[in-house]
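Undergrad: Chain by chain, the residues:
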Amino acid sequence: MKREDYGRLRWRCSRRALLELDIALTRFLDERFDQLSEEQQQVFVELADMEDHDLWYLISGQAECEDPRLAPIVALLRKS
Amino acid sequence: MSIPVLKFDAVIVGAGGAGLRSAIQLSEAGLKTAVLSKVFPTRSHTVAAQGGVAASLGNSEEDHWHWHMYDTIKGSDWLGDQDSIEYMCKAANEVVVELEHYGMPFDRTDNGKIYQRPFGGHMSNFGEKPVRRSCAAADRTGHAMLHALYQRNVKANTQFFVEWMALDLIRDAEGAVVGVTAMEMETGQVVIFHSRATIFATGGAGRIFNSSTNAFINTGDGLGMAARAGIPLEDLEFWQFHPTGVAGAGVLITEGVRGEGGILRNSSKERFMERYAPNAKDLASRDVVSRAMATEIKEGRGCGVNKDYILLDITHLDPATIMKRLPGIREIGIQFAGVDCIKEPLPVVPTAHYQMGGIPTNYTGRVVVPKGDDLASVVPGFYAAGECGCASVHGANRLGTNSLLDLLVFGKSAGDSAVEDLKAGKAHRELPQGAAEQSLARISALDNRKGGANVYETGLAMRRCMQDHAGVFRFGDMLKKGVDKILEIEKAAHELEIKDKSMAWNTARTEALELENLIEVAKATMISAEARKESRGAHVRDDAPDTPEFPNGRNDKEWLKHTLFFPQEGNKIVYKPVNMKPLSVETIELKTRSY
Ligand SMILES: Cc1cc2nc3c(=O)[nH]c(=O)nc-3n(C[C@H](O)[C@H](O)[C@H](O)COP(=O)(O)OP(=O)(O)OC[C@H]3O[C@@H](n4cnc5c(N)ncnc54)[C@H](O)[C@@H]3O)c2cc1C
Numbered sequence: 000m001k002r003e004d005y006g007r008l009r010w011r012c013s014r015r016a017l018l019e020l021d022i023a024l025t026r027f028l029d030e031r032f033d034q035l036s037e038e039q040q041q042v043f044v045e046l047a048d049m050e051d052h053d054l055w056y057l058i059s060g061q062a063e064c065e066d067p068r069l070a071p072i073v074a075l076l077r078k079s
Numbered sequence: 000m001s002i003p004v005l006k007f008d009a010v011i012v013g014a015g016g017a018g019l020r021s022a023i024q025l026s027e028a029g030l031k032t033a034v035l036s037k038v039f040p041t042r043s044h045t046v047a048a049q050g051g052v053a054a055s056l057g058n059s060e061e062d063h064w065h066w067h068m069y070d071t072i073k074g075s076d077w078l079g080d081q082d083s084i085e086y087m088c089k090a091a092n093e094v095v096v097e098l099e100h101y102g103m104p105f106d107r108t109d110n111g112k113i114y115q116r117p118f119g120g121h122m123s124n125f126g127e128k129p130v131r132r133s134c135a136a137a138d139r140t141g142h143a144m145l146h147a148l149y150q151r152n153v154k155a156n157t158q159f160f161v162e163w164m165a166l167d168l169i170r171d172a173e174g175a176v177v178g179v180t181a182m183e184m185e186t187g188q189v190v191i192f193h194s195r196a197t198i199f200a201t202g203g204a205g206r207i208f209n210s211s212t213n214a215f216i217n218t219g220d221g222l223g224m225a226a227r228a229g230i231p232l233e234d235l236e237f238w239q240f241h242p243t244g245v246a247g248a249g250v251l252i253t254e255g256v257r258g259e260g261g262i263l264r265n266s267s268k269e270r271f272m273e274r275y276a277p278n279a280k281d282l283a284s285r286d287v288v289s290r291a292m293a294t295e296i297k298e299g300r301g302c303g304v305n306k307d308y309i310l311l312d313i314t315h316l317d318p319a320t321i322m323k324r325l326p327g328i329r330e331i332g333i334q335f336a337g338v339d340c341i342k343e344p345l346p347v348v349p350t351a352h353y354q355m356g357g358i359p360t361n362y363t364g365r366v367v368v369p370k371g372d373d374l375a376s377v378v379p380g381f382y383a384a385g386e387c388g389c390a391s392v393h394g395a396n397r398l399g400t401n402s403l404l405d406l407l408v409f410g411k412s413a414g415d416s417a418v419e420d421l422k423a424g425k426a427h428r429e430l431p432q433g434a435a436e437q438s439l440a441r442i443s444a445l446d447n448r449k450g451g452a453n454v455y456e457t458g459l460a461m462r463r464c465m466q467d468h469a470g471v472f473r474f475g476d477m478l479k480k481g482v483d484k485i486l487e488i489e490k491a492a493h494e495l496e497i498k499d500k501s502m503a504w505n506t507a508r509t510e511a512l513e514l515e516n517l518i519e520v521a522k523a524t525m526i527s528a529e530a531r532k533e534s535r536g537a538h539v540r541d542d543a544p545d546t547p548e549f550p551n552g553r554n555d556k557e558w559l560k561h562t563l564f565f566p567q568e569g570n571k572i573v574y575k576p577v578n579m580k581p582l583s584v585e586t587i588e589l590k591t592r593s594y
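Residue numbers (numbering that gives the first Met the number 0), protein chains in the order written: chain A, 0 to 79; chain B, 0 to 594.
Wrong hints could be hidden among the right ones.
Said to hold, decoys possible - Footprint (simulated), chain A over chain B, 3 or more residues, beta carbon under 8 Å: (1) 40-53; (2) 115-123; (3) 502-509.
These are computed hints drawn from the structure, not numbers from a lab.
All residues carry an ideal CB built from backbone N, CA and C; glycine is no exception.
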């Protein structure tokens, strides 16, 4: 990922409305993001674009991820 | 270097509830209005608010704004200004109904009215019994509110500058505010926003503490900008703490966990609340529980290697109950404490939650500062609302659901005042020479400094210092040491170095700029707290205990006054009397605050 794109992503992951997501997403960036394929990284970018409550419900297991494309990354976020 | 200048009638910094509410007034009055935000508006921290917004609609039972006013004054431990509080409680119904008209999907009663529920501290008939006053939209009140306000702004043609960070306030030779400098994150370009009215709605600064329920964005930028421009900060010694944030992470664990039977334990597994509150035990009020936890930790009975947290135990509850009644709690434990609360207790600490103080304003949202004999002289062109402002309605302690109300009421009044002033006034005042110099100098210092302080380490030192020395329960000697320490850390915070010098999306630079704001708030908090030698509301000192002469440690003879902290004038403090005179009703006379 280009430095600029990564910088934007980092900002959008670390300045959320919910503290839960600030922590979960930045930790994911620090610990897991590099190991993803380019395609998976794009899926993560898409997830990071979601509304805060919706995304937190997915990560915290209060909602199930219906989209088979997003589900594997959500599963990683749950465990990260 | 020539800096681009963008001209607007009004510039609003902040797109949370307060900023968006004020923008509606300006845009709908046909004024050219810009709103700047570090994030997309609906990612502002207002989204996190779940509990609701207070208004004495009386939909479920009899209620009155005068009762709400009484509760708010009592909650504030009589430090709140009674004119502002009357204004807010009276305006509540109107702003909530307006919000309903903007499309806010409030929960409803069977007959279609806004449904209301009880919330701590809100009572009927001047403190008699709990009343249902909180209006909510499921568990997404803040989220729904921001969406409704944002849509209304889009219709009104408010111009948004998203992912822009305001850097400094611009004042002319007479002290009038004529705009702000801001940086577009995508390019790193600095621009001047030249305006006739500037409204700050930048939210709180909860990130000064190591344990905070606030999201990372709450770095007190508005307060930092105001402080650098010579505006004093009011009542920053008053911070509300929530007893149970996950240790280390801050993520809030709802009171419901103790409601369902959760028990707080110290390092010897003792249920220590039995000693502090024999009747209510773990369900005692927030401040009692927080103080008991802080005392256990201070006296060496905390848990873990550093003996710095308390355990919240629900392992005796049926796992099915936990999953059903406390949705999300198990995941919070796993994600943020690495603990499965069904099997092991959760590590928790009292956690900073809400900033009562801020930029001093009157109830019209105009910023007011001392000038000669006048302790509340209006700063032309400058307004503030929401958590960054201090009108002061929360005084020494905020009631739950009153902050969403605060941002609606004072967001609107700040907007109205700006409209009124702009209609009366003429053209833009001239920009002073070198209007952007301060900001450019700060950025270039960051880019060019070698051997400076590390941003992460300096921020951590600040947060730890605040938590240890100015936490939920305060000790005279610790506060004194805290002042020395924070002044040391301040030096480092003004000597930061960053490695990444790139222009676009340079988060290292943004974080350094945020830290320069945080440190202003941290310093104001520590010094103001050290100076206030009484206990009042959320400011509780070990050396100002409960005595017959001073119930709860409150000393009205000496301390019934607001702190105004002037960082630009040798960290001087000026005190300003509390306004005890409401607008139309009688003064709510001083009483001991007890529930
Ligand atoms: C977990 C939690 C739950 C809460 N629940 C409730 C509740 O139920 N009821 C209640 O009444 N209160 C509640 N509160 C408090 C309440 O949510 C806040 O006080 C309130 O939302 C603050 O709103 P605001 O508009 O002042 O600021 P925010 O919503 O924080 O918005 C600040 C805005 O300023 C912008 N900004 C900041 N600095 C800059 C800069 N330098 N340049 C450009 N833009 C900038 C940000 O991007 C953002 O748009 C809760 C708080 C928390 C933390």
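Undergrad: Check the structure against each numbered hint from earlier and tell me which ones fail, lowest number first.
TA: 2
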